[in-house]
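Engineer: Please model the entire structure based on the sequences and the hints provided.
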Amino acid sequence: MADLLQALQAAQRPGAAEQALRAQPSLRVLVVGGGGPLGSAVLEAMLAQAGGATVGVAVHQQITPGLRGLHAVLHNAPGLLAFAPRAAVLVFDRVRHANGRDDAFVRPQPADVLALAKVLYAVGVRQLVIAVPHTPALLPQALLHGLANLDEAAVAALGFDHLVFMRMARDGQAQGSETAASAWPQRLADWVLRQLRLMVPVSEQPVRVAVVAEVLASLVYQLPGAAPASRVLPPALLWHAAQGGQVSGLLSDWLAGKPLPASANPHMRM
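For what it's worth, my numbering labels the leading residue of the sequence shown as 12, then goes sequentially.
If you are wondering where the hints come from, they were derived from the structure by calculation, not from laboratory data.
None of the values given here were measured: they were computed from a predicted structure.
A virtual CB, placed ideally from N, CA and C, is assigned to each residue, including glycine.
Hints may be right or wrong, so weigh each one.
[Unchecked claim] Pairwise CB distance ranges, derived in the manner of DEER restraints:
hint: 1; residue 1: Q72; residue 2: D123; range: 11 to 21 angstroms
hint: 2; residue 1: A168; residue 2: Q233; range: 23 to 33 angstroms
hint: 3; residue 1: S263; residue 2: S37; range: 19 to 29 angstroms
Structural biologist: Shown next as structure tokens:
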């Protein structure tokens, strides 16, 4: 990642990123992490809501995207500079067994988030959304650990106009179900965690991937009209969207600093 940043700095002339942004007639969005269940859903939602925006996905090698209107953007200095994104979505997701179909997509790792954010800022990205699956039980332990230790303050210090971190739901499910699930200590632990799940507010429990993707896409397209800030997307907003709430209205109110509807904060299940 450091080599990529150096290549970008060498390839750019001073002020090139700002000049490219001023020349753009519409928003250009780059999705980094287009593989996996959430990544693919985000791509579909971004294209469905695109309007006049241009949507690209970061790839290791040139491919022909299966989604109409999607641009494959090589994850190197020439590719990123040519696409000149104004907005980016980093999607951290588990690997999907798709017969190698996801291998071409860049898959970001938590340890690389700061370096990747620097690269994106260098090519002109000024609004960045960092997204994770809303169901932590589906993630490998290594990815969970990395996401828990993201240096959010360092990313915020880079100077993005808009920076949004998405929080995972607290579903209380076992994270290690793939290890010794048949042993009685593991079964006991799983039972205890299932009981704890009933004590988590319903508004903070997982929602469907499609809902998360719809909210993220709408958020990206609404951010340019909001006041610059670093924000954390609350799980309760996702929950309310899953209940049939009007997504664009929910986000518009939230970005304006208005409180979520009272129904988005139900009592705990017991």
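Engineer: Provide an ascending list of the numbers of those earlier hints which the structure does not satisfy.
Structural biologist: none
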